[in-house]
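**Q** Top to bottom, those sequences are chains C and U. Be aware that the first sequence starts at 0, since it is given in numbering that gives the first Met the number 0, and climbs by one per residue. Be aware that the second sequence starts at 0, since it is given in numbering that gives the first Met the number 0, and climbs by one per residue.
Just so you know, these hints were derived from the structure itself, not from any lab. Keep in mind that a hint or two might mislead.
[Unchecked claim] What follows is a list of derived Cβ distance ranges for each label pair:
1. U:E82 with C:D374: 32 to 42 angstroms
2. U:E455 with C:V32: 45 to 55 angstroms
3. C:M626 with U:L617: 56 to 66 angstroms
4. U:H180 with C:E563: 29 to 39 angstroms
[Said to hold, decoys possible] Taking lysine to aspartate or glutamate pairs in the DMTMM-like style, the calculated list, with each CA pair at most 20 angstroms apart, reads:
5. C:K343 with U:D48
6. C:K343 with U:D121
7. U:K416 with U:E394
8. C:K343 with U:D290
9. C:K438 with C:E399
10. C:K528 with C:E116
11. C:K336 with U:E567
12. U:K438 with U:E567
13. U:K416 with U:E22
14. U:K416 with U:D470
15. U:K336 with U:E322
16. C:K524 with C:E339
17. U:K438 with U:D374
18. C:K416 with U:E567
19. C:K249 with C:E360
20. U:K343 with C:E322
21. C:K336 with U:E450
22. C:K524 with C:E508
23. U:K343 with C:E116
24. U:K336 with C:D48
25. U:K416 with U:E339
26. C:K416 with U:E563
27. U:K343 with C:D109
28. U:K416 with C:E82
29. C:K416 with C:E456
30. C:K114 with U:E322
31. U:K416 with U:E450
32. C:K416 with U:D73
In this text, a Cβ means the ideal position worked out from N, Cα and C, and glycines have one as well.
Number of protein chains: 2
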Amino acid sequence: MPVTNQPQAQPRIRIAHVSPTVEDGRYPAKRCVGDQMTVSADVLRDGHDMLRAVVRYRAAGEPDWREVPMRQVDAQVGGVRWEASFALERIGSHEFDIEAWTDVFGTWRDELRRKVEGPQADLTGELGEGELLLEQAAKRVTDSEQRGQIHSALRTLRDGAVSRQAHYAAALDPVLLRAMHADPERPGAARLPRPLRIEADRVLARFGSWYELFPRSFGGLAGVERVLPELSTLGFDVLYLPPIHPIGVKNRKGPNNALTAGPGDPGSPWAIGSPDGGHDAVHPELGTIDDLRRLTARARELGIDVALDFAIQCSADHPWLTEHPEWFHRRPDGTLKYAENPPKRYQDIYNVNWETPSWRELWLELRRIVLHWVDCGVKVFRVDNPHTKPFPFWEWLIAEVHNVDRDVIFLAEAFTKREIMRELARIGFTQSYTYFTWKNSRWELSEYVSELAYSEESDYFRPNFFANTPDILHEYLQHGGPPAFVTRLVLASTLSPSYGIYSGYEWFENVPVRAGSEEYVDSEKYEAKARKLDGPLLGLVRRLNELRRDNPALQQLSNVTFLETHNEGLIAYAKREGSNTVIVVVNIDPHNAQEGSVLIPAQLNLPPVFRVRDQLQLVGAAYDWRMGHNYVRLDPQSQQAHVFVVESA
Amino acid sequence: MPVTNQPQAQPRIRIAHVSPTVEDGRYPAKRCVGDQMTVSADVLRDGHDMLRAVVRYRAAGEPDWREVPMRQVDAQVGGVRWEASFALERIGSHEFDIEAWTDVFGTWRDELRRKVEGPQADLTGELGEGELLLEQAAKRVTDSEQRGQIHSALRTLRDGAVSRQAHYAAALDPVLLRAMHADPERPGAARLPRPLRIEADRVLARFGSWYELFPRSFGGLAGVERVLPELSTLGFDVLYLPPIHPIGVKNRKGPNNALTAGPGDPGSPWAIGSPDGGHDAVHPELGTIDDLRRLTARARELGIDVALDFAIQCSADHPWLTEHPEWFHRRPDGTLKYAENPPKRYQDIYNVNWETPSWRELWLELRRIVLHWVDCGVKVFRVDNPHTKPFPFWEWLIAEVHNVDRDVIFLAEAFTKREIMRELARIGFTQSYTYFTWKNSRWELSEYVSELAYSEESDYFRPNFFANTPDILHEYLQHGGPPAFVTRLVLASTLSPSYGIYSGYEWFENVPVRAGSEEYVDSEKYEAKARKLDGPLLGLVRRLNELRRDNPALQQLSNVTFLETHNEGLIAYAKREGSNTVIVVVNIDPHNAQEGSVLIPAQLNLPPVFRVRDQLQLVGAAYDWRMGHNYVRLDPQSQQAHVFVVESA
């Protein structure tokens, strides 16, 4: 006969399905400082008693919890969902908990009310119960005014000279309810098994305009410094530089990824390391550490972050190969393994061996390198291929760097399986490259953006929509001419709060190395160009960046509503934040005019008729739009997209 | 400057999103003994290495884990999902874990293969690597045949006299791969944070036909015993009896819930307790404990389970009121609170006070009572209003009873908020009453059944579709006449593996106590009837129960596919299990003939043309059906439903 397990006291209230929760709390949800944080949960209890609940929260290091009352949001449909919001005032880690308890007085009051409203009955016993509740609470409520209100009600209830109706009125007085709710006692209180985490980043984690350029095409770091004012005027927030470290000579690649380089060929910046140094050095042809410090300082004055590339891989000349041979993988015959994914080979690159017995020293050295650049004023890192390095390493590294400087942002350049990209975001990457370049049709775009905006991953995966990169010249751009560049620029900059372009985009550069390839011909990865910030698309870039700053609706992702256009060649969407509503209509066809009608649905809560003004014209035309159908026509010959701002009445 | 947190060794492999997981493993998933248990998970690792994974599982009390290999199921679409299945051979608790590790040899072999197939290159270094892997594995592999295969490959690889092609062939030999996979070493192995749980019930937990009757209307327990053979012939698996305990005299309700009872009125069986005893006694008018023991024993011989009602509430005459006054709630003036939900009052019933300081004694007494009836041969309990008793109590009680007898089934009679009903299922109730009686239109039925069958709750919430109960005579039955009873019977018995009817259904009893009420007039709850098992609907009941036993497809829930009928008045669905396919078409309109065409979709994997035979006719007609549209017409005057079985070719 089995032994009886003695009953254990447990709360009758259950709190379940808390949002946001990332992987049952193993990872934090991400927000930005200043965000309104909404927490919701199912709060369950047996029986019919009324409940109360609060969200408790605090920033890391704060000794005391703050509390905000939750309210039930679906009572009318028989639900059990409670919700509360609070502002994230500080950058960094926060935790929150939920506490729910039985509202004993509220339940008594509600039952009394229903009995008073029902058929007449003797409620002496009920009133006696209430009296007891008031007596007990009066001993605990600390606010003297509220205590006075309770005592006042008690006096009425005990007064045999007044009518029964006066007793009821005193018991049901909303002022008494508020006073009783000040009672610090929380009968049957339940909490979460453990608090959940939130990481509050600076706003650039969510919202920023990125520009990528190769410093060697702009005259090195000093030359880059000279174009900072133009980048600022264009409205860019982040200037991303591919690796600036010394480039290997042995096995250096030539133009168009040739296996051998000529004497003047500069090599790929991703083949890091030479006798001039490794990951902590600046390529002498680009400048010095001090040049970089000056660049980051000057950029900061202009409100621009300089982003460096963090690519954990070595050329054959990297100092580590001699100083730390134990960090690399050698075959039994002693040969070093270069990077490869057969049949592809990267003969100029050696990967570190993450399984080396000296892995701890390797991790610490990589931490030292990142913090070295942080010390030089670099607060943003674009991490190259993070999905080929261990998850535990990134989780540790990012936390370590954030311990030193919580402003640092890590962008994951992982083009791989969706779930791997999500895992990188969960373990700490601030934002991530996406599949955007390969989403070109209306249904691809609306499906993908809806997933990013409204699935669970919106709590931790922040997209950065690059319209092109040195590795990705999509065939849509190859064949669509300038209208294609306009389409993709407008989409990137208005769909995603973070977006970017790589230089050359503004010149409509569109020739691939060969048909069917997404690589540029004469790619800047293998040769230097002579570039200036003077491309014909920059006027539109500047305007879009300006609109992004002026319209809060464009600074969020999970506020997008895709709109029916009755034409697959036209994509339309609205974004709304507070009183700011932006409606974007884009012709996806770079060759032909497309017309359709944009359906404004009721749930956008716009007036029946409202005025929109086009922001992509020098003199913006105004139109009267309405709930329902609105005719649009976009012609590559004249205008490829509308960005409408709804004017307030 | 913050301290550096030293790197910690952690697996590079992550296992996520395991199915089934109920509330992140806080509750077990439910299955039945004999079920094929499928476990799936995302298995993630950085880089391109190949992986292997197994599900490990064991029944409670088994010292050793068994293992079944997982295979990736979505490699072709770039996924990360792995899956394995195993049979649940024993009743009771099981746990499972997942282990995944890097397939070092498989990765090496795959890269070698790609290089061998690619442009010619010197692969001496690669072969040396492989040789080392083979040497190491040969020391660990225990099976002598497999060890011999590894040694044989090693000899070839070391043989300088044979060709390079022979080396490759030896290295790539699938026999070698299998031998290498016998290596017990699992590099970089990762497991779940903790094993997950499964509860395997007996099959009656999922599949059973229930009949509810009031023993006092059948001549007490002895009379019930006499109808057991008929119930068996009708194909019922469970005979459910409302409370059989002594009924209170004080405040006893009269016919039609009258506040006062006449001298001959028997009272409601749910007003439990009299001087004759409480929850552990049998009402003297029904028989004795020995009668019950004989009833359960006789039923068992016929393959029928006797289910008792477990209603934790007391009449004013219940012995507990004097023996355990501390278990009840009294007002400050000493008055006892009867059950009420203002303005409703249940003057003949007192609820226990779950907040009593003596709650532990109360719980133990309730445990004793259930085990007392288990000892009398009762293995099924229909629990009255479990949602008004604490969740922790049920979780404890059900586990305690299962510790004594794992065959016991608990059916939750909770008609309340969906999430509360789910929580009761999560904490241990074997099956649950549902909203079925209130789902009468095609879209209500298909939406509700799809949610039950395909949402997460299908892992823990097992529906029992009662077509009526002593409390629920739906207006559809009140107004639809016999065809309505046919419709609801066919729907209940073919949609849900567990279903039931309450006696009187077979006589089309359809008169409510008043318009707008779901209560029966002259309800059996307050008076005895003289009943026999002779209603005109029993022929159909018997046929449906027979079909349910003969067709495995009708014994499952999550195999249902709703079919388009092109008529809202016709509902159609297919259920498939192995080679058994059942197609049900029901006329929802009890008044008019409805015609439409049933669309058989390709995903049902039926032949382009197939033969169906109607099972609801004494001489079943056969029809040639096809993928696509199939004409149907159902007329209340002749036939209200088809249950087709697809005949094998």
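**Q** Against each hint, give a clear statement of whether it holds in the structure.
**A** Outcome of the hint check:
1. Roughly 48 angstroms separates the CB atoms of E82 (chain U) and D374 (chain C), a value that falls outside the hinted 32 to 42 angstroms.
2. Distance hint for E455 (chain U) and V32 (chain C): a CB-CB separation of about 34 angstroms, inconsistent with the stated range 45 to 55 angstroms.
3. A beta carbon spacing of about 60 angstroms between M626 (chain C) and L617 (chain U) agrees with the range 56 to 66 angstroms that was offered as a hint.
4. Checked against the hint of 29 to 39 angstroms, the pair H180 (chain U) and E563 (chain C) fails, with Cβ atoms roughly 53 angstroms apart.
5. A hinted pair counts as satisfied when its Cα atoms are at most 20 angstroms apart, and K343 (chain C) with D48 (chain U) qualifies at roughly 15 angstroms.
6. Of the pairs offered as hints, the one joining K343 (chain C) and D121 (chain U) holds, with about 15 angstroms between alpha carbons and a cut-off of 20 angstroms not exceeded.
7. Only pairs whose Cα atoms come within 20 angstroms are accepted, and K416 (chain U) paired with E394 (chain U) is accepted, the gap being roughly 19 angstroms.
8. Pair hint K343 (chain C) plus D290 (chain U) does not hold up; C-alpha atoms about 82 angstroms apart against a cutoff of 20 angstroms.
9. Pair hint K438 (chain C) plus E399 (chain C) does not hold up; C-alpha atoms about 35 angstroms apart against a cutoff of 20 angstroms.
10. Taken as a hint, the K528 (chain C) and E116 (chain C) pair is broken in the structure, with Cα atoms around 84 angstroms apart against an allowance of 20 angstroms.
11. For a cut-off of 20 angstroms, the pair hint linking K336 (chain C) to E567 (chain U) is broken: about 67 angstroms separates their Cα positions.
12. The suggested pairing of K438 (chain U) with E567 (chain U) holds, with an alpha-carbon distance near 14 angstroms, which does not exceed 20 angstroms.
13. For the proposed pair K416 (chain U) and E22 (chain U), the alpha carbon gap of about 18 angstroms is at most 20 angstroms, so the pair holds.
14. A C-alpha spacing of about 18 angstroms is found between K416 (chain U) and D470 (chain U), which places the hinted pair at or below 20 angstroms, so the restraint holds.
15. Of the supplied pair hints, the one linking K336 (chain U) and E322 (chain U) holds, its CA atoms being roughly 17 angstroms apart against a limit of 20 angstroms.
16. For the given pair, K524 (chain C) sits about 18 angstroms from E339 (chain C) by alpha-carbon distance, which is consistent with the 20 angstroms threshold.
17. At roughly 38 angstroms between alpha-carbon atoms, K438 (chain U) and D374 (chain U) are farther apart than 20 angstroms, so this suggested pair is violated.
18. For the suggested pair K416 (chain C) and E567 (chain U), the alpha carbons sit about 43 angstroms apart, so the restraint of at most 20 angstroms is broken.
19. Under the criterion of a C-alpha separation no larger than 20 angstroms, the hint pairing K249 (chain C) with E360 (chain C) is inconsistent with the structure, at around 26 angstroms.
20. For the suggested pair K343 (chain U) and E322 (chain C), the alpha carbons sit about 84 angstroms apart, so the restraint of at most 20 angstroms is broken.
21. Between K336 (chain C) and E450 (chain U), the direct Cα distance comes to roughly 53 angstroms. Violation of the 20 angstroms bound is thereby established for this hinted pair.
22. Proximity of K524 (chain C) to E508 (chain C) is assessed by CA-CA distance (about 15 angstroms); at most 20 angstroms being required, the pair is judged to hold.
23. At roughly 12 angstroms between alpha-carbon atoms, K343 (chain U) and E116 (chain C) fall within 20 angstroms of each other, so this suggested pair holds.
24. As the CA atoms of K336 (chain U) and D48 (chain C) are separated by approximately 15 angstroms, the hinted pair is consistent with the 20 angstroms bound.
25. Annotation: proposed proximity of K416 (chain U) to E339 (chain U) holds, straight-line Cα distance about 19 angstroms (limit 20 angstroms).
26. Pair hint K416 (chain C) plus E563 (chain U) does not hold up; C-alpha atoms about 36 angstroms apart against a cutoff of 20 angstroms.
27. About 14 angstroms separates the Cα atoms of K343 (chain U) and D109 (chain C), which keeps this hinted pair within 20 angstroms; it holds.
28. Only pairs whose Cα atoms come within 20 angstroms are accepted, and K416 (chain U) paired with E82 (chain C) is accepted, the gap being roughly 18 angstroms.
29. Annotation: proposed proximity of K416 (chain C) to E456 (chain C) holds, straight-line Cα distance about 14 angstroms (limit 20 angstroms).
30. Straight-line distance between C-alpha atoms of K114 (chain C) and E322 (chain U) comes to about 31 angstroms, which puts the hinted pair past the 20 angstroms bound.
31. In summary, the hint linking K416 (chain U) to E450 (chain U) is supported, as the alpha carbons are separated by about 15 angstroms, within the 20 angstroms threshold.
32. The suggested pairing of K416 (chain C) with D73 (chain U) holds, with an alpha-carbon distance near 11 angstroms, which does not exceed 20 angstroms.
The earlier numbered hints that this structure contradicts are 1, 2, 4, 8, 9, 10, 11, 17, 18, 19, 20, 21, 26 and 30.
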